[in-house]
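Protein chains: 2
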Amino acid sequence: MNGAQALIRTLVDAGVDTCFMNPGTSEMHFVAALDSVAEVRGVLALFEGVATGAADGYARMAGRPAATLLHLGPGLGNGLANLHNARKARTPVVNIVGDHATYHKRYDAQLESDIETVARNVSRFVRTSQRVEDLAGDAAEAIAAAAGPPGEVATLILPADVSWSDGASPAAVPALPGRRAVAADTVEVVAKALRSGEPAAILVGGSACRADALHAASRVAAATGAKLACETFPARLERGACVPEVERIAYLGEMAAAQLDGIRHLVVVDSKAPVSFFAYPGKPSDLVPDGCEVHVLAGHDEDAAGALAALADAVRAPAASAVVSDGSRPDRPTGALTAQALGAAIGALLPEGAIVSDEANTSGLFATAATAGAPRHDWLCLTGGAIGQGLPVAVGAAVACPDRRVLAFQADGSALYTFQALWTMAREGLDVTTVLLNNRSYAILNMELNRVGAETPGPKAKAMLDLTRPDMDFVALAAGLGVPASRATTADELVDQLGRSFATPGPSLVEAMIPSPW
Amino acid sequence: MNGAQALIRTLVDAGVDTCFMNPGTSEMHFVAALDSVAEVRGVLALFEGVATGAADGYARMAGRPAATLLHLGPGLGNGLANLHNARKARTPVVNIVGDHATYHKRYDAQLESDIETVARNVSRFVRTSQRVEDLAGDAAEAIAAAAGPPGEVATLILPADVSWSDGASPAAVPALPGRRAVAADTVEVVAKALRSGEPAAILVGGSACRADALHAASRVAAATGAKLACETFPARLERGACVPEVERIAYLGEMAAAQLDGIRHLVVVDSKAPVSFFAYPGKPSDLVPDGCEVHVLAGHDEDAAGALAALADAVRAPAASAVVSDGSRPDRPTGALTAQALGAAIGALLPEGAIVSDEANTSGLFATAATAGAPRHDWLCLTGGAIGQGLPVAVGAAVACPDRRVLAFQADGSALYTFQALWTMAREGLDVTTVLLNNRSYAILNMELNRVGAETPGPKAKAMLDLTRPDMDFVALAAGLGVPASRATTADELVDQLGRSFATPGPSLVEAMIPSPW
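Sequence lines, in order, name chains B and Z. Heads up: the first sequence begins at 1 in this note's numbering, then just goes up one per residue. Heads up: the second sequence begins at 1 in this note's numbering, then just goes up one per residue.
Calculated from the structure, these hints are not laboratory results. Don't take every hint at face value.
Put simply, identical chains are the same to the list, so a pair is met inside one copy or across any two.
Below, a list of computed lysine-lysine pairs in the DSBU-like style, where the Cα atoms sit at most 30 Å apart [stated by the list, open to error]:
#, residue 1, residue 2
1, 462, 227
2, 272, 462
3, 460, 283
4, 283, 105
5, 272, 460
6, 462, 105
7, 105, 227
8, 105, 272
9, 227, 192
10, 192, 283
11, 105, 192
12, 462, 192
13, 460, 227
14, 283, 227
15, 272, 227
16, 283, 272
17, 460, 192
All of these numbers come straight from a predicted model, not from anything done at the bench.
The task is simple: from the sequences and hints, build the whole structure.
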C-alpha cells in the first residue's frame, strides 16, 4: 500500500470520505489512489478557492470534516481566502497540500516555495509528512486537530514521494473529545446577573446557533427579560418556523451600538463580545457599551447548548416558553424588482429544509426579516469577511445534504471571485439555486468610502468601485459553465423564475437586476 | 497630506505610476487619494490574482515596477499564485496590502489574520508601516527592494490608520544600483572552457533573453561551436525576425536530457542549471549531465549582456556573426484545426511588435517553432508554474505597451483560474487577442498521471482530469465579461477570426477547438 492509499483509507475510516480538489502533478498518486478506496468521493473544482469553500460548507452541514487537495504553495494561496473564512467559522477542514518530493525541494524548481509559512495564516496544526511510514499517523493527528472542539483548519503537507512510496498502512484516529461541560458555578454567576433586573443581552454564536440551543436561550430571554441576539455572521444559524427567531448584531457599528444600547450584562455563548468589522476614524472598535459587564457562559470548546439548558433551569424558565417563529410568509411580490421585493420573493418561496448560503451583502438585507417565518431552514454566513465564499459554500452544503435545496444568495461583486463554483454544481448535478443580485457596483465599498471619512471621491476613486464599463452578464457566465440561467427584471419574473428553479433538479441561476443604492 | 496621498506621490515620483488593484474598506483612503495625484493610473481587477499577474506583465514589458493594492490577508492569498510567478521571474513588484488600523488589530475582527506570514512566501522585503510619518520612507525602501537587481516582490503592509492619518510627506527613492559588471577573470575562465573543444552549451535566462544579449550569445556560439539554449520558461524572450533564435530547454526532463546530452561545459547566464520541473519516481531531479561542469558567467544581479559581449570578444567572435531568424513565416493553414494548424496560424499572422503571453501548455507546443520567423516580438512564459498567469500578464503587458498587440495564448484548464482578467481588458480597452485552446481536459495532468508512474487510472481518477461534464463555453464566458468572442472549429475559421481580432482595436477572444491528445 502506498502512502496515498493509506492516507485515503485513514481519512475514510475516520469519516472523512469527501475530498474537494484541484490537483496538479505532485498530487497524481493521491488522485490515482481514489479508485483504491470505494467509499471516497472526489469532487473536482476548477479553482482552489472553490475546493476550500466547499469543504467549509460541507462541514458546516455534515458536522464532520471534508478533505481538500491543493497543489503546492500557489494552490494553497488560491484556497487561502476561504480557509480564512473556515477558520473564523471554526469549521473542521483537513487541508491537504501536495508538495515536491522531499529530495526535490533543494533544487528550487519553478513551483518551489515555503508552503508552511502560508499555511500558518489559517492553521495551528501544520505538518509536513516526511516519511511514508509516518503519513497515516500524521493524517490521524491532522483529523483529530481539525475536529477539535472547536473545529479548525488542519494542514497536512504531502510530499510527492511520501505519497507514492510503498510501505504505508492506515492509522486509526483516537476517540475525539466532546465539548467540555460548563461548570455549574459559571451558570450560577450568569443566572445571578440575569436575575439582577439590570438590562441584559444573550449573544449566541457558533454551536449556540442551532435550534436546541436557541430554544433554551429563548426560554432564558423570556424568563428574564434579556434580549436575545446572535453574532453578525454565524457559520450556521437554524431558523424558520418553530425555531426561536434571533436578531443578528448588525454589520454597521452604529446600528450594533443601537442594538446594545443600555445593556449592563452581556452573556456571550460560543461567541465573542462584538467588535467593529473595520476601524473607522473617530469610531470605537469595541462595541460593548460602557459600563456593560461581559459574562462568558460557554467558550468555543464548551457545550453551549447544555449550558443554555442549565441556565434556563437556573432562571426557572418554563419548559415551553421559547418564542418561536409563527411560520407566516410574505405575499409574493409584484411590480418593480427592488431589494425589498427580492427579500419577499425568497420569503414567499423558500422550500422546507432549504440551506441558504448568504453572500448577498448590501442588497440582501431585507431577506433576513422576510424569511423569518419561512419553513425551517439553515442560514450560512460570511464568517471571515473574505468575499468569494458564497458559491463554494453552496457547493459543499449541497454535497453534504443531497436531499435539500440550497439557495446561493449571492452579490455580483463577490460572485466573481469564485464563479468557477458553478461548473462543479453542474458536474455534480447539485440542487443549488443561485440568486445573483446584480446591482452593478461594489455597493458596500461606495458606502464604506463615505463611512471611513474619505474626502469627496473623485472620478478615479469612483471608477474603482463601479462594476459597469462593461456590464457583466451573469446569464452568459452561467451558461459558459454549464448552468442554465435566466434574468429577472421585475418582481413577477423573479417569483416565476425562482419558483421554477426551486422545483427543478440540478443547479440553475436567476440574475436579479436590482437598482444600486449608490 | 495624509499617508495615502504621500504614498502615491512617492510611488509616482519613483516612476511607479500604475496600480493594479482590488481594494476593500481598509484601502478606501488609498482609493480616494488616487484623485490627488494626477499621474497615477488605477486599474481595477475583479480578482486579486488578476491584479498581481498584471503587475508582473506590466513590469516585464515596462522595465519598471507597478504597484498592486490588495485587501488584507485573504486578498494577498488570492494574489499569491501570480506573485509566486513574479518572484520566479524576478519581476519588480511593489505589493501593497491594506490592513486593519493598528489599534484595531487586537480586537481580532473577522478579517484579522497574520498578513506577514503569507507575504514571506513571495517577499524577502516585508514591512508593516506603523506610523504615518514613516510611511513614505517605508515605501521608498520597498520600491528600492523591488527594483533590485534582481527584481523582487516587495510587500508593504498598510494599516488603515497609517493611510488615513495626516502628517505625511513624500520620500525620494535613492539612486538604484545598476547590475554589477562581471569580473574579467570570470569571462576569461568561461572563454577558456569554450575554447577547450569539448562539447559546450550556453544557457541564457532572465536579462540575457533580450535581443542584445542574444546577439552576443549567438556570436559566441557561432565562434566556439557551443550550443545556445535558454531556460524553459523565460520571463521575457525577445525573438522573431533579425533576432537570434534560441532553443528553450524542454519542460519534460527526458527531452531536456536529450538536449544536453554529451555537454561537458554548461555556461549559465542569468539563469540556473536546469532541474526537473517535478520529481518523478526513478528519474533525476538534476538535469545537468554527469561529468558536465557548470560555469556561472553572470548571476541574477549581474550585467549579463555586458558579460556576453565581453565573452564574444574574448573568443574573437566576428561582430556580425550572430545567426538570426530569417523572417520566414508558415503558410496560413487550412482544413482541420489541430495543434499544428494553430501554431501555423499564429506564425502566419502574428503582428509586428506583438507580445505573446504564453500559457498554452500542452496544445501550444507547435507555436514556438511556427513563430520563430515572425516579425519581431516578445514571448512571456509561465515562470513559476502557477497556472492562471496568462490572461493577467496579458493585461499588464497591454497597459505597459498600448501601441502593441498582445496575444494571450491560453489553455482552457488554466484560463479558469483568472478568467476575470477579460473584464479588465474590456474596461481598459486593451488590444489583447485571446486565443483560447479548448481541448476539454487538464491534458497535461493526463500526461503527468502516466509519467509519475501512477497505476492505471480508474474512473474516479480520470474524472478529476477531464473538463467535460459540462463542457465549458468560452465564447459565452467572454461575452459575460464584455469581451466579443467567436469559436473556430477549422483552421480556416481560425485564420479568419484571428486576423480579424488582430486588426480590431480592443480585446477579443477566439475559442480554438483542439482535439485533446488524451
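Do the hints match the structure? See the list:
Taking the shortest alpha-carbon separations for residue 462 and residue 227, neither the intra-copy value of 40 Å nor the inter-copy value of 55 Å comes in at or below 30 Å. With identical chains, the CA atoms of residue 272 and residue 462 are never at most 30 Å apart, being 35 Å at best within one copy and 46 Å at best between copies. Within a single copy, residue 460 and residue 283 get their C-alpha atoms as close as 27 Å, which meets the 30 Å cut-off; across copies the closest is 54 Å, which misses it. With identical chains, the CA atoms of residue 283 and residue 105 are at most 30 Å apart between copies only, with a shortest distance of 15 Å across copies and 49 Å within one.
In the homo-oligomer, the alpha carbons of residue 272 and residue 460 never lie at most 30 Å apart, since the shortest distance is 39 Å inside one protomer and 43 Å across protomers. For the homomeric pair residue 462 and residue 105, the shortest alpha-carbon distance between copies (28 Å) is at most 30 Å, but the shortest distance inside one copy (46 Å) is not. Taking the shortest Cα distances, residue 105 and residue 227 sit within 30 Å of each other only across copies (29 Å), while inside one copy they are farther apart (57 Å). In this homomeric assembly, residue 105 and residue 272 come within 30 Å of each other (Cα to Cα) only across copies, at 15 Å, whereas the closest approach inside a single copy is 42 Å.
For a Cα distance limit of 30 Å, the shortest separation of residue 227 from residue 192 inside one copy, 16 Å, qualifies, whereas the shortest one across copies, 86 Å, does not. When the C-alpha separation of residue 192 and residue 283 is checked against a cutoff of 30 Å, the pair qualifies neither within a copy, at 33 Å, nor between copies, at 71 Å. For a Cα distance limit of 30 Å, the shortest separation of residue 105 from residue 192 qualifies neither inside one copy, at 60 Å, nor across copies, at 33 Å. For a Cα distance limit of 30 Å, the shortest separation of residue 462 from residue 192 qualifies neither inside one copy, at 53 Å, nor across copies, at 62 Å.
In this homomeric assembly, residue 460 and residue 227 never come within 30 Å of each other (Cα to Cα): the closest approach is 45 Å inside a single copy and 52 Å across copies. For the identical chains of this complex, residue 283 and residue 227 are intra-copy neighbours only, at 24 Å inside a copy versus 67 Å across copies, given an alpha-carbon limit of 30 Å. For the homomeric pair residue 272 and residue 227, the shortest alpha-carbon distance inside one copy (16 Å) is at most 30 Å, but the shortest distance between copies (66 Å) is not. In the homo-oligomer, the alpha carbons of residue 283 and residue 272 lie at most 30 Å apart inside one protomer (20 Å), although the nearest pairing across protomers, at 54 Å, exceeds that limit.
In this assembly of identical chains, residue 460 and residue 192 lie within 30 Å of each other by CA distance neither inside one copy nor across copies; the values are 57 Å within and 58 Å between.
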